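Residue-level listing of the chains:
Number of protein chains: 2
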Amino acid sequence: MWCHSCREEYEDVDAGTCKECYEEASETEEELKREIEDLKAKVSFLRLCSPIDPHLPASPSAATADISLHTWSSGSDCVVYAPIPAHKAVLMSRSPVFKAMLESEMEESQSGTIKIADVSYTVLQTFIHYLYTAEALLDEQMACDLLVLAERYQVKHLKVFCEKFMISKVNGETAVMSFAFAHRHNAGMLLETALALILDNMSMLTAREEYRELVEKDPRLVVEIYEAYLTRQVNTAPRE
Amino acid sequence: MWCHSCREEYEDVDAGTCKECYEEASETEEELKREIEDLKAKVSFLRLCSPIDPHLPASPSAATADISLHTWSSGSDCVVYAPIPAHKAVLMSRSPVFKAMLESEMEESQSGTIKIADVSYTVLQTFIHYLYTAEALLDEQMACDLLVLAERYQVKHLKVFCEKFMISKVNGETAVMSFAFAHRHNAGMLLETALALILDNMSMLTAREEYRELVEKDPRLVVEIYEAYLTRQVNTAPRE
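Protein chains in written order, with UniProt numbering: chain A, 1 to 240; chain B, 1 to 240.
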């Protein structure tokens, strides 16, 4: 017989689907692709012109801004950066924390200024840009920093975005650090991935420097690793 | 042989794809579905809280509005409606016409008021709601009215949305009116669909009232119909 997809001959044992199902599947694929096109157009329509683009100079959207964000460090050396302009309506739509802050009589809604503590200027720029566009260029460090901000301001979509990126990067070397990070910031999917990687390489665990650090700083997390390991061993042991 | 999809037996002549291609196709479908989920999440993140929902009372987003829109009729009987609050940043992101209007020194940017002529209050509400959410409940009349506004303010995404809806509704009865409407408002896809329907029912054309009206009001459009009919006849005539 001839395959309708690859046009090669196939044997009885390699039989896949009948003609009818094959045609249905092709139609489904076409439909899904059309839906993707529609959704992409919707995303592009809904993206807002960002008041600050980390990769571009001044944006026209800044002219209508009604609030400004400042980075603010609890450390001693104080570098002053230009405030980042933004729109209350956008911040409130994206984050329930900003919404509560700006709807109330809190200092921020009165002064038109929001101070964001302990975050670098570049990270804050990228954060604000994401709230307008749902886009950010990530590397490992930026993904960590943005995830922390996303958790603080309850921007779920950004948190998932960063978490997925971190999951794609985690490996045997970085699993212990990722596990601890995921624990601190309630990143459930990353936690699972990192833990699975640690359990797959248990023989090397105690030799790692990060392991020793974790024992010092947060021994309860180390206990969690051993507990998971024990559970897995019990569950996979041959029955007698 | 047994089909891997429907589990029914099939004959050689009904052979579809081989096992390998079938498995690849299933993977593709899964991938496409995941992409759709991601895009839907992005759309839901990017939707803004609308300052006016035609189906809901007061919105919190109205509190931060910095511009208001008024309907304004060139007719004589004047009903005054509450202005519709909106945000310059959103209008400017969605429409190049609003952008030019609000960036310039035109009256609108000075007064914080935009007058929209010859449109009903409900249509204007639905229009503004769409600019924030990319969502609108359409019926035939609303689709026409919104398409006109979308063309006037160059909101391409909304124009396509209305046009697709109108294409799904056009039939032999309404084709002449849709053809004339599509012509007036540069709706290419609708024009093609309506014209094809007219050509399929040419024998009934001259009996229709809308046809007689069109001959009166815009005979050049009627000529276009006949020209298309002639071209089709020439192209499908059997060669001698």
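The hints are simulated quantities; they were obtained by calculation from the structure and are not laboratory data. Given the structure is predicted, the values throughout are model-derived calculations rather than measurements. We treat Cβ as the ideally placed atom computed from N, Cα and C, and that holds for glycine. Watch out, some of these pointers could steer you wrong.
As the list claims (entries may be wrong) - From the structure, some residues in chain A lie toward chain B, with a derived Cβ separation under 8 angstroms: (1) Ala15; (2) Glu30; (3) Tyr81; (4) Leu138; (5) Met142; (6) Ala207.
Said to hold, decoys possible - Keeping only pairs whose Cα atoms sit at most 25 angstroms apart, straight-line, the calculated DSS-like set for lysine-lysine is: (7) B/Lys40 <-> A/Lys99; (8) A/Lys42 <-> A/Lys156; (9) A/Lys40 <-> B/Lys217; (10) B/Lys40 <-> B/Lys217; (11) B/Lys159 <-> B/Lys169; (12) B/Lys19 <-> A/Lys40; (13) A/Lys156 <-> B/Lys42; (14) B/Lys40 <-> A/Lys33; (15) B/Lys115 <-> A/Lys40.
We went through each hint and held it up to the structure:
| no. | hint | verdict |
| --- | --- | --- |
| 1 | Ala15 | holds (4 angstroms) |
| 2 | Glu30 | violated (10 angstroms) |
| 3 | Tyr81 | violated (22 angstroms) |
| 4 | Leu138 | violated (15 angstroms) |
| 5 | Met142 | violated (19 angstroms) |
| 6 | Ala207 | violated (37 angstroms) |
| 7 | B/Lys40 <-> A/Lys99 | holds (23 angstroms) |
| 8 | A/Lys42 <-> A/Lys156 | holds (20 angstroms) |
| 9 | A/Lys40 <-> B/Lys217 | violated (40 angstroms) |
| 10 | B/Lys40 <-> B/Lys217 | violated (45 angstroms) |
| 11 | B/Lys159 <-> B/Lys169 | holds (16 angstroms) |
| 12 | B/Lys19 <-> A/Lys40 | violated (32 angstroms) |
| 13 | A/Lys156 <-> B/Lys42 | holds (11 angstroms) |
| 14 | B/Lys40 <-> A/Lys33 | holds (14 angstroms) |
| 15 | B/Lys115 <-> A/Lys40 | violated (32 angstroms) |
Consistency with the previously given hints fails for numbers 2, 3, 4, 5, 6, 9, 10, 12 and 15, ordered from lowest to highest.
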